[in-house]
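Engineer: What follows is the residue order along each chain.
There are 2 protein chains.
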Amino acid sequence: MADQKELFVKMVLGSWNAKLRQTEALLAELNDEQLLQEVAPGKNRGIYLLGHLIAVHDKLFYILGTGNPIFPDYEEIFVNKPDRAINELPSIQELRQSWSAVHAQLANSFDLVSPDQWFERHRLVSEADFATAPHRNKLNVVLSRASHVDYHLGQLIFLKKQEPII
Amino acid sequence: MADQKELFVKMVLGSWNAKLRQTEALLAELNDEQLLQEVAPGKNRGIYLLGHLIAVHDKLFYILGTGNPIFPDYEEIFVNKPDRAINELPSIQELRQSWSAVHAQLANSFDLVSPDQWFERHRLVSEADFATAPHRNKLNVVLSRASHVDYHLGQLIFLKKQEPII
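Residue numbers (the working numbering), protein chains in the order written: chain A, 5 to 170; chain B, 5 to 170.
It should be emphasised that the hints constitute simulated quantities derived from the structure, not laboratory data.
Heads up, a few of these hints could be off.
When chains are identical, the list treats them as one kind, so a pair holds in a single copy or across two.
Derived pair list, reagent style BS3-like, types lysine-lysine, alpha-carbon separation capped at 25 Å [to be verified]:
hint, residue 1, residue 2
1, K85, K165
2, K9, K85
3, K165, K14
4, K85, K47
5, K85, K63
6, K164, K9
7, K63, K165
8, K165, K9
9, K164, K14
10, K9, K47
11, K47, K165
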């Protein structure tokens, strides 16, 4: 049983880590000027999507019960409000540092979650709901967030000068 | 053990099905003219991305060992070649039908895969590699493909007239 759980945790964290590495490779390739552009005419800017991903991932500390957000003000700026609603955003340089801080801390806290704990209830689901829907566990949140990274990665790739490779 | 596996399968197929339903809702909203547009200037057209998703999913029959592609010619057009390399694409109407055909057939074949079988080796990994990397199983392919849908969904959403909701 523990082996099965470990295998599944490995599958999901493998997907999550692969998407983060892919995003980091793209962020390393894009300069600050490119990240200030809209990914497509009239759509979100790179800076907003970068902040959005950080804010959504920073929320994981709370959802998984391992801590509190490192940048609690990001949620209002990059999740609750759309792009351009707030004039003063953190700088790209600041966001690059925040990305590193959040993901380094998340990696540390993920290391402390045991295979059994990954299959426990997360904080956005009630005990009653979890009793009838045990797939709504902590690991499922990470599975869903990994896919969410891909959603925005498909957009951020448009900031590159070359055609996207699919 | 069987219960654990069933739960994992439910998590991954739940993610896969959610992404397909989300794509289908978008496809129902987009008319053929919109699908002929580029998702962003100089980027892939909607028609190409639609064919690309069908082709990639049609390949799953082979990878999972449950059959053969229904539209074997799509791989050359929508995976091996980039958009605009081939002049004569299937029509949008034809692609909408192919989408339905492939996903109906996939749903049927997924129903026949037992929880144990989902954790078996898929056809793109050798027996030797699988022995040391058991996470490279059939279920992991579907997990990865569900995320791949999200990648292109983040692009196809740009064909809508409204701002994307993130």
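Engineer: Compare the structure with each hint and give your call.
Structural biologist: Hints and how they fare:
1. In the homo-oligomer, the alpha carbons of K85 and K165 lie at most 25 Å apart only across protomers (20 Å), although the nearest pairing inside one protomer, at 28 Å, exceeds that limit.
2. Taking CA atoms no more than 25 Å apart as the test, K9 paired with K85 passes in neither setting, with 38 Å inside one copy and 39 Å between copies.
3. For a Cα distance limit of 25 Å, the shortest separation of K165 from K14 qualifies neither inside one copy, at 34 Å, nor across copies, at 40 Å.
4. For the identical chains of this complex, K85 and K47 are intra-copy neighbours only, at 14 Å inside a copy versus 28 Å across copies, given an alpha-carbon limit of 25 Å.
5. Taking the closest pair of Cα atoms, K85 and K63 come within 25 Å of each other only inside a single copy of the chain (16 Å); across copies the shortest separation is 40 Å, beyond that limit.
6. In the homo-oligomer, the alpha carbons of K164 and K9 never lie at most 25 Å apart, since the shortest distance is 39 Å inside one protomer and 40 Å across protomers.
7. Taking the shortest Cα distances, K63 and K165 never come within 25 Å of each other, neither inside one copy (32 Å) nor across copies (30 Å).
8. Taking the closest pair of Cα atoms, K165 and K9 never come within 25 Å of each other, the shortest separation being 42 Å inside a single copy and 44 Å across copies.
9. In this homomeric assembly, K164 and K14 never come within 25 Å of each other (Cα to Cα): the closest approach is 31 Å inside a single copy and 37 Å across copies.
10. For the identical chains of this complex, K9 and K47 are neighbours neither inside a copy (40 Å) nor across copies (41 Å), given an alpha-carbon limit of 25 Å.
11. For the identical chains of this complex, K47 and K165 are neighbours both inside a copy (17 Å) and across copies (11 Å), given an alpha-carbon limit of 25 Å.
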